[in-house]
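Line by line, the protein sequences give chains U and P. Reading the first sequence from the start, the letters are residues 1 to 114 in my numbering. Reading the second sequence from the start, the letters are residues 1 to 113 in my numbering.
Hints are computed from structural coordinates only; laboratory data are not their basis. Keep in mind that this is a model prediction, so the values were computed, not measured. Yeah, the Cβ is synthetic: ideal placement off N, Cα and C, and Gly gets one too. Where hints are given, some of them may not hold.
What the hints assert, rightly or not - Taking beta-carbon pairs under 10 Å as the criterion, some of the chain P residues facing chain U (in silico):
no., residue
1, S30
2, Y32
3, P34
4, Y36
5, Q38
6, P44
7, L46
8, F89
9, P95
10, L96
11, R102
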Amino acid sequence: ETGVTQTPRHLVMGMTNKKSLKCEQHLGHNAMYWYKQSAKKPLELMFVYNFKEQTENNSVPSRFSPECPNSSHLFLHLHTLQPEDSALYLCASSRQQASNEKLFFGSGTQLSVL
Amino acid sequence: GENVEQHPSTLSVQEGDSAVIKCTYSDSASNYFPWYKQELGKRPQLIIDIRSNVGEKKDQRIAVTLNKTAKHFSLHITETQPEDSAVYFCAASLPLNNNDMRFGAGTRLTVKP
Numbered sequence: 001e002t003g004v005t006q007t008p009r010h011l012v013m014g015m016t017n018k019k020s021l022k023c024e025q026h027l028g029h030n031a032m033y034w035y036k037q038s039a040k041k042p043l044e045l046m047f048v049y050n051f052k053e054q055t056e057n058n059s060v061p062s063r064f065s066p067e068c069p070n071s072s073h074l075f076l077h078l079h080t081l082q083p084e085d086s087a088l089y090l091c092a093s094s095r096q097q098a099s100n101e102k103l104f105f106g107s108g109t110q111l112s113v114l
Numbered sequence: 001g002e003n004v005e006q007h008p009s010t011l012s013v014q015e016g017d018s019a020v021i022k023c024t025y026s027d028s029a030s031n032y033f034p035w036y037k038q039e040l041g042k043r044p045q046l047i048i049d050i051r052s053n054v055g056e057k058k059d060q061r062i063a064v065t066l067n068k069t070a071k072h073f074s075l076h077i078t079e080t081q082p083e084d085s086a087v088y089f090c091a092a093s094l095p096l097n098n099n100d101m102r103f104g105a106g107t108r109l110t111v112k113p
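Isolated chain U (complex conformation) (with noise of 0.2 Å):
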């Protein structure tokens, strides 16, 4: 275990609804991140947060939200989403927002959009 624990590890939706995904860490770490892993292509980085505040966000869609309530917890709120979002959605952490930073992933939401 790497300490970044995600969930739900599956979730199927309709383009109608209303879901969160969870991502919570105990290392101690004060950067965390959302990625999206879509099949043959490379991670792509969608939001980053320091200390509990957004630093980036990658050009994502709206109907993506993140929500960083304290440096332990990552939401990612979905609503109306499209098929084409359907991927393996990532959260990492890493001990600072620094670019030689180890990255520590969590297991993944593999979301599908009906």
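Given the structure of chain U, go ahead and fit chain P onto it with the hints provided.
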């Protein structure tokens, strides 16, 4: 911004043989190059990394080499074992305070017993 290309996309080797995965990057200012391994259904995990002031780094059966002039770096796995089967991702990171790491598309390595 940085762009990372990774080859091959799939690689199959016989147990005991060596495997080499190559990545190229576009921004000469990139200075940190990690490799992540993702086994089927599991999370990506860092296996080795290299910084731009070093040309080669080794850890038991895995090694990474960096050619800054050519802007490419490679992962070498010797004496491969079935448990090495996974998807391997390279990444490159600029020396900025944002940890915006750019990943390659991944290489699916299969080691046949």
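Evaluation of the provided hints:
A distance limit of 10 Å between C-beta atoms decides the matter here; for S30(P) the minimum to chain U is near 9 Å, and the interface restraint holds. Restraint check, Y32(P) versus chain U: the minimum CB separation of about 4 Å is within 10 Å; hint holds. Interface hint status for P34(P): upheld, as the beta-carbon distance to the closest one in chain U is roughly 7 Å, under 10 Å. A hinted interface residue such as Y36(P) counts as satisfied when its beta carbon comes closer than 10 Å to some beta carbon of chain U; here the least separation is about 8 Å, so the hint holds.
The criterion of a C-beta within 10 Å of any C-beta in chain U is met by Q38(P), whose closest approach is roughly 8 Å, and the hint holds. At a threshold of 10 Å, the smallest CB-CB gap from P44(P) to chain U is about 5 Å, leaving the interface hint in force. Taking 10 Å as the C-beta cut-off, the interface hint given for L46(P) holds, the closest approach to chain U being about 5 Å. Hint status for F89(P): holds, given a least beta-carbon distance of 7 Å to chain U, under 10 Å.
Look at P95(P): its Cβ gets to within about 5 Å of chain U, closer than 10 Å, so that hint holds up. With its C-beta approaching chain U no nearer than about 5 Å, L96(P) sits inside the 10 Å limit, and its interface hint holds. Using the Cβ-Cβ criterion of 10 Å, the hint placing R102(P) at the interface with chain U is satisfied: the shortest such distance is roughly 7 Å.
The structure shown violates none of the earlier numbered hints.
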